[in-house]
Every structure is written in structure tokens, then in C-alpha cells.
Amino acid sequence: MNTATDTLSASAGHAASGEAAHIHLPGPSFWPILLALGMGLVTTGFFFWATGASANWWFGLGAIFCIVPAMGWATTIAAERRHMDPAQTSTDLRRGFLLFLVSESCIFGSFFAHNIYLRFFAPAWPPPGAPVLATQLPAIGTLVLVLSSFTVNIAHHAIKSGKITRAKNWLILTIVMGIVFLGIQAYDWGFLLQFDKFTISKGVFGSGYYLMTGFHGMHVLVGLLMLGLVYWRLERGDYNNPTYSFSTDAAAYYWHFVDIVWIFLFFTIYLLKF
Amino acid sequence: MSTEVLAAPAPKTYSGLLDWLTTTDHKKIGLLYLGFAFINIWLGGALAGLIRLNLFNPGWHIIAPNVYNQLITMHATLMIFMAVMPAFAGMGNYLIPLMIGARDMAFPKLNAFSFWIMIPAALMMYVSFFVPGGASRGGWWQYPPLSTFQFMGGHGEDLWILAVILLGISSVTGAINILVTIFDMRAPGMKLMRMPLFVWSWLVTATMLIVALPVLSGTMIMLLADRLFGTGFYRPALGGDPLLYEHLFWFFGHPEVYIMILPGFGMMSHIVPSFAGKKVFGYKGMVYALCAIGLLGYTVWAHHMFTSGITPAAQIYFSICSMLIAIPTGVKIYSWLASMWGGAIRFTTPMLFCLGMIALFTFGGLTGVMLAIVPFDIVVHNTYFVVGHFHYVLVGGSVMALLGGMHFWYPKISGRMLSEKLGHWTFWLIFIGINWVFLPMHWLGIEGMVRRIATYRPQFAFWNQFISLGFFFMLFGGLLFTWNVIVSWKKGQPAQADAWQVNDTQQAFEWMTSSPPPVHNFDEIPAMPAEEHA
Amino acid sequence: MKFRDFIAAMGIGLASLLAGCGNPQSMFHTAGPAAQRLAHLSAFIFILFGVVAVITIGILLAAGLSHRGTLDWHAPWNASGGHKFVLYGGLVIPGIILFVVFVLSLQRMTLFPLHRKQPMSPNILVIGHQWWWEVRYLRGPADQRFTTANEIHIPVGRPVEIALQSADVIHSFWVPALHGKVEMIPGLTNYLRVEASRAGNFKGQCAEYCGAQHAHMRLLVVAQPPAAYQAWRNLQLQPAQTPASPQAMQGREIFLRAACPLCHTIRGLGAAEGKAGPDLTHLAGRQYIGANSFPNDKADLAGWVTHAQSLKPGCKMPNLDDFTGPQLRALVAFLDGLK
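Chains as they are written, first to last, in my numbering: chain A, 1 to 274; chain B, 1 to 534; chain C, 1 to 339.
Hints may contain errors.
Derived lysine-lysine pairs resembling DSBU-like cross-links, with alpha carbons at most 30 Å apart [as the list claims (entries may be wrong)]:
id	chain 1	residue 1	chain 2	residue 2
1	B	K284	B	K491
2	C	K275	C	K339
3	B	K284	C	K84
4	C	K339	C	K298
5	B	K191	C	K84
6	C	K275	C	K316
7	C	K84	B	K279
8	B	K421	B	K284
9	C	K316	C	K339
If you're looking for bench data, these hints aren't it; they were derived computationally from the structure.
Source: prediction; values computed, not measured.
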């Protein structure tokens, strides 16, 4: 099933390192349970908000319990990794992150499946009453996002080879491009909402359009956040050791992922005409 | 390869409750999972008891139909998402690092998070019983439009959806952790094709989880939007399609079935040869069968929808694929039988559960193949025949395998043996109970009793009463097991490192370390023995 | 519950079991060619898979019990061989069995005109509602069409094509004596072709969970000889009968003044054109009320009118319990006269 990893990892397993005296086990941590609490609070808050009750306290508390443990967790891991084999932990984290992206793409997959199924089986597609989506502006957005995948790649390589200034510049460019993309999307939404009076509850076409672009937009936002964190850490000079590069890898992979999803999304929603 | 590795400071430790809340030790987290599953299997069992009480006589209406529908929905939800899945996750958590010779999981904190995120989900499930309108009553499939707000007011359903999404996060993060652990942390020399079969079964299960659970989350996000934000994903009036929901749900739902049985298969492949005094028969065949089941599991979902009006071509395709799954499953069953053949079989409690599992799962698997046959399925679809079938595979398969696994690895976990005498009693009570309760259900289905009905026509009364009485076998079996587990924890016979003399004939890492294992699992990581060339 | 009641309940159960051989809802109690062929295939499958189960569990017992030895005289721990056993038991024999079964099932699959794109000219349209069945007879010109509810009459010996739709949630149409089940999905139309080979009352049931009263969404198909069917049909085409007695006349006025016409239609009764509930034009001709849940007699009708929510909690029929005794009797007399 996976012979490549077979040879690769069996030799480099954590277990390989050291005698009993050097056994390193991570200590206890409050962060996981607190983050779980925070996510529970946010979910409950979402429930109250969506069902029309007041939810500010839940969201506020939830946000604190999400952000603080997440930061604490990241800090702890960064500290812990100094006592561990950095190459191996990076491999672990990278693999874990890629698997996470697989699961993310499966969520998107369910939305795509919904859309494509209806194209085949709905009595008429696009359904009567759906506006014709303008493609020029989103096409520009697509171009910007695709190009930003290249710029983030340059930044990524620059960090790996220690060219910090170069990395910063390209990272800034990437972030700007991401913001431009989001701006274009926001303009598109505003236009549809204001002039076409086209809302999420105006039929399945609108539901799908807003859900898919919105869900993707949230991912772009998270991607920007990750790039921003990388930039912040560049400013702090955290990346003098290229083996601890997981956070840059993660941000770059995530950005590529967001980009690829958008290409499919653009094709499915805007271009496909049957 | 490595740069400088600094010496680790001794980690802080807590004791008592704080220890359990903050632990990142895979063994303690495994126990937390198992405890969580234990509580929920009792709660789900209590709901089953209420269901059987209501069905004792036709037309009694002890329980209002609306409440009854909550019971069936929550019974399924608790048993699937909060009992069987966490139980297997707990066993996986506890055993996988031990079996592959690792000191912990790849991401110990993520592991803790995977467990703790289930707690808010569980609380939301429990609380949903008490919100106006009660808990979700859409059946665990939640077919729209029934599950849309128009036909199911109240917000119990919304809590259900959100809780299921949280449980999905738990499963996916847990699966990622297990996959990375398996890929990266095996002892030197343990190639993939030399991994213990339980680890293999979790490799396949985790892969399935990562693909299937997000699809459920996506499907549920759309359902929630339909309920709360007025979207039309599944609402025909807005151009949505309920049949599409069925496709999406079962694209998750059928792999879910294998997610709930494959780790059980893995455990069986350890226990059966251990007590036959042989090594497992046909290791490669077992691995290929696991992978085949995992792959085919994604190609068969619409056999749950043969009566929904899908095209005959689709029916034929899904029928063929569903039947094909019988072949790797058959390979597994016959490999277990071959593993036993000619062995010196010790009829210990875990072995009894495994033998029972083979018998019951064979039966449930065969009725499953019958259900893949379109003309037969359209007759018995949604009748008690199906209820009987999936309880045979889930209780007779998964739960029996789990009980076998619990009895087998309990000495490793606690350092003490379970009482064999009570174990035998537990086995016979549960085994008779399963057959008593679930076998007549097949007959009820043939007689025409459909599932998910709060009351039935009088001609079905006898067998329903019969089945309801069988509940007590399960109840006493469960009580006995609980008693055995609790009492033996402190008072059982002390267990040796290799409590069952498994390593007389095998080289199982988990039996090489002490019982219970030290925090760091192994003082010295065991070496993988040289490969034989057979 | 007292022990005596318990024994009594078990007694009733046992009696119903013995009577169960003639259970009109059993898949083997067939009354039409389609159901019969399904039952034959099913019987074959039962026997085949029963044999497979017995053999496999037999091998399990043999493997478990025949070599119950000591560690001294069992097969060596790494004994191999037996690959043929797994090859045949797990691969070849199941393969052959599955192939045979599959071919047989393909043959039977021609029975289902399920494909909704297939052009059909249905005789009857059945629309599922929470929790009753609307039945529209479609054949012929407009004046030959009519609507009824919950009880479908079909002529013996003639194939009848049924279109299936739903007005709210997913239901499933199932009359075991005639055919397998087909879902009724809102927004889609499915088809089913049934044929009764003998006269009789065939019970059915909604087979897809559809909410609170799923259990009480029952169905009755009455197969009649063609002449009787034609007579029934002619009667259904008539508007409702004029009440025969002064009491029933009074009942009609009560019906019209109460909430009834908002949901129910009685053809020939001007204002009563509600569509939310079953058509009552020929109510008294039906065998049951409440979607075949309760017998259709005066006592149950009165109970249904006043306490529908106790009999079938959650259904759309409200409790109309503010009638006086004479009013209720008059109303029931009117309803009972709707032959």
C-alpha cells in the first residue's frame, strides 16, 4: 500500500533514538482540554446565535478559550521540539498536515458532489430564476490567486535557503494578492446581493454558490492568517534554523490547497454550463 | 540527519483528576476513550430497553410516538458515534504504540484533544433531550425533508447536527494521529507487511475515517443551513433534491459500517491464533482482504437506496460491488478458521467471544449479502430483517470482538486477570441474548413488520414480546462484565507480562513489556526478529 | 403490569403467532405474479444462504472442537498449507454462489419499472402525506377521474401502473402481497406496476420512516373481480350521497359549519373542498379510518373526530371535542352515510 514510506520511516522512527535515559515523553498539558472546551463554547454559541438567541458571551468566552490554548499549544510544541529529532518531527507534522488537507478536500468534495449531481439530475440547470454569474471579475481573481501560489512558493524556498528579506517581500506580495482576491469575492457577493437580490435562500443555486464560495473564502482567510503568522515569525527571526520549517510548510501547503480548490470551484460554478 | 537534540527536562506531573485531564499518555487517553464508550454503551442500552418496553405489546403507547422516535434516533447515535467508534479508538490508542514498539502516538496532545472534543459533543447530545421539542427524531439517517425545520421543529435536531460535526472532528484528528503514528513510529525493521494485523486494520480504518467523516460533516453543514438559514440544498421547493442527500449520506454511511467492524477484525486476528497456539493464517491474504474491504467500501453506498428509484443500471452496479465485498470478508473468516485448524485451542473467555463472533458475523454477513440482491432487498428493505441483520454484524460482530479484545488485553491494561468464570457467564449470556433478540427480528421482517414504528399490527405481537424478554440476557451479561471489570481492577489475579503466553508462538511487542506497561512503554524497544523465508 | 396481564398478553401473542401462517403482510403470502416471483427467489436465497451458514458454522465447530488438544500434539505453530481451503472457502465457492444469485436477480429485476425517466401512463397516482395516502385515479377523460384516500381498489388480473409521489417527506409504498417497496420522494415520481392474481384485501404500510405517526401510515389494497371493481369505480365517480335521515341532514350542516371543510373534500357538498386531509366523499365505503389504523364504525368515527390526537398523536387532525352529544351523533350519522 505504501512501500515508499515503508523504507523511509521504519529507519527514522522516534523509537530508534536513544537509551532509556534519553526517553523523552511530552509532559501533561492543559491546552488540549481547554481548546476542546473553547470549541465546545463556540459551537454552543453558534447554536444560540443561529437559533436566534443571544450568544455574545458564548462567542467571547469561546474565542478566548480557542485562541489562548491554540497559542499555548503552539508554543509548547515549539519548545518541545528542541528536545526531539527536528527532522522527524517535521516529517510527522507535515504528514499529519497533508492528511488534514485530504480531509478538508473531502468536505469540499461533498459540496462539489452536491453541485455536480444537480447538474446531471435536476430538471433544469441553472434553475430558473438564477442570475447569470459574471465571469470577468472572478477570472481576474482566479488569476491573482493562481499567481499568489507561485509567489508563496518563492517565499517558501527563500525561507528554506535562509534568504529572509527576499522571503518577506514575496510573502507580503502573496498576502496582498490574497486580500485582493477576497476583495474581488466580496465585491461579487455585494453585487449579487444588492443588484440581483440574489440571496442564499433564493433556491439551491444560490445556496450552493454562497456556501461554496463562502466556505472557500473562510479558508482563504485562514490561509492569510497563517501567512501573517509566518511573516510575524520572520520578523522575530524564528527561522534561522531551516529544519524547524514546519509552520512555513503548513502555510505554503495550505495556500496551494486553497488555490487548487478555487480552480475547481471557478470551473464548476462559473464556467461549467450544463 | 538530526541537528543538536537538547536533553529533555523532566516533565511536570499532576496527580488525581488533574492527571487525567491533562494527560498526553496514549494509554491513559485510551482508557478515557474506553470509559467514555462504556458510559455510552450503557446509556444507549438503556434507550434500547425503553424501545423494547414500548414494543412489548402493540398499541400500548407507554411512550409517546414522538419520544419513541427520539429513542431510536439517539440509540443509534449513541451506539455508533459514542460507543463503538470510541471503543475501537480507545483500543487503537492503547494498543497501536505498544504493538509497533513506539513510546507514544505521533501527536500526544492532538490525541488528548481528539478525546476531549467528544465531551462537548456528548453533552450536546444529552442536553438535546431536554430542549423544547426533545432530541433529534429524524432517525440517524436524518433524511430530509423530514429533518428540515418545516417537519421537525425544535432545536434538538440542530444540536444533533453540531454534535455530530464535533464528533467528526474528533474522529478525523484521531485518524490522522493514528496514521502518522503507524507511518512514522514503527520499531526498526517493522516493515508495513510485518505489522500486527490490528495495526493494519486501524491503518485501513483511519484512512476510511479521513475520507468518510468529512463528507458527513459537509452533508450535515448543508442540512443545518437548510434548517436554520433557509437554504435549499435538500428542499424540493427550492430546487434541492432529497435523493441527493441519500447519496451523500450513504457515501459516508456505508464506509462507516466498515469503520465499525475492521478494528474488530484486527483484534480477532490476534486473539484467534493466540489461543490456537499457531500463528495467524495467511497474513498477506488478511492484509489484502482488509485493503479490499476498505476500497470496495466506498463503491457500494447506494445498496441502501435500492428502493429509491435509482436506475436499474445503478442497481446492478451497486449490487455487484456489494456482493464482491463478501469475497474478502469470506477470505478473512476462512483464514481465521484455518488459523484454528489443528491447533491446541484454549477455550478462554476472549477465545469464546471470538468463536461467537465468527458464528454471528458469518450469519450477519450472509444476510448482508442477501440484502445486496436487488429483488430480495426491495422486499425486506426497511423491515426488521434489516434491523436483525445490522445488529448481528454490529453487536454480534463489533461488540463481540470488542468484548473479546477487552478480555484479551485487560491483563495488559490493568495488570490483573479478569475472572474467567464470570467471563464465561458473560459470554453465554451475551451470546444467547444476541441470538434471542436479533434472530426473530429476521422473521418479523419476512412477516412484513417495518422498522422505526412505535407500534405494530397485532400479528407481530408474539415475537416482539419474545425479543423484549431477551433484553434481560443482554442486561445481565452487561452487568456481569461491568462487575468483572470493576472488581478485577483491584482484586484480580496479578497478570504476568505475557498473560496468555502469546509469545510462546508469536513475537507480539505488547506482551513483551510489563503489565501494565510503564509510562514509556518499553525500557528497551524490542527488536524485530529476522524475517523467515517461508 | 400485573403478572396476570402479562400472561394474558403473552397468550394473545402466541395466538397471533399461530394465526401468523395466514399473515396477510408476509412476503410469502403473495397475491400477484411479481410478488410471487420475488418470493420464489427469496425462498431460494434463504435455502442457499442457510446452507452456507450451516456449513461455515459447522467448520467453525469442527475446527474448535475436533483438535482440542494440548500444546504437545497440535499442529506446529507455523504450520502452513490450507491455502486451498481459504481459496475455495473464501474465494471460489462464494464467487460461484454470488454469480448464480446475481444472474437470478438480474432475471427478476425486469419486474421493476422503477426508472423514473421511463415513459409510463399510470392508472393511479398515489401521493404520500404525513400520515395518509392520497389516491388519484387518472385513466380516462376528466369526468372519469376521481380522488380517494388510503384504500386502493384494483381489478384482479389486470396490470395496474401506479405513480408514486410525496407531498411532504419521503415515504415508501409497500404492499407485500403484490410487490416490493418503492420510495415516494418529494419532487420526484417513481413507478410501480402491480397485478393481483386473486381477489382479497392486501395490507400495506409506509416503509420509510416519515415522522411521528410512521407506524400508523397503513395502506389497504382491495383487489376485486373486474365487475365488482367497475361497480366500485362507478360509485366513486358519483358525488356524495344526500343524507338519508334528518339526523344525518343535521350532521351535514354541522360538518359544514365546523372546521372540517377546511381540510376535507366532500364532492357535491359545495364548500367542502379542503385538500389538507383525505377526501371523504365515500368515506363510509372504506374499511378503516386514520390511514387504516382503526375500524370504520360509528364508535371509532366519533372517537376519531373528538380525540384524534389521543388515537394518533401528532397527526394533522385536531381534537374536535366541543360538540354536544347530539351534534356528535348527527355528525357521525352523516359521515357513516357517505357510502
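Verification of the hints:
Restraint check for K284 of chain B and K491 of chain B: not satisfied, since their Cα atoms lie roughly 41 Å apart, outside the 30 Å limit. Restraint check: the Cα-Cα separation between K275 of chain C and K339 of chain C comes to about 20 Å, which is no more than 30 Å; the hinted pair holds. For a cut-off of 30 Å, the pair hint linking K284 of chain B to K84 of chain C stands: about 15 Å separates their Cα positions. For the suggested pair K339 of chain C and K298 of chain C, the alpha carbons sit about 13 Å apart, so the restraint of at most 30 Å is met.
A C-alpha spacing of about 27 Å is found between K191 of chain B and K84 of chain C, which places the hinted pair at or below 30 Å, so the restraint holds. Of the supplied pair hints, the one linking K275 of chain C and K316 of chain C holds, its CA atoms being roughly 12 Å apart against a limit of 30 Å. With a C-alpha separation of about 18 Å, the suggested pairing of K84 of chain C with K279 of chain B holds against the 30 Å cut-off. Between K421 of chain B and K284 of chain B the CA atoms are separated by roughly 36 Å; this puts the pair beyond 30 Å, and the hint is violated.
With a CA separation close to 24 Å, the supplied pair K316 of chain C and K339 of chain C stays within the 30 Å bound.
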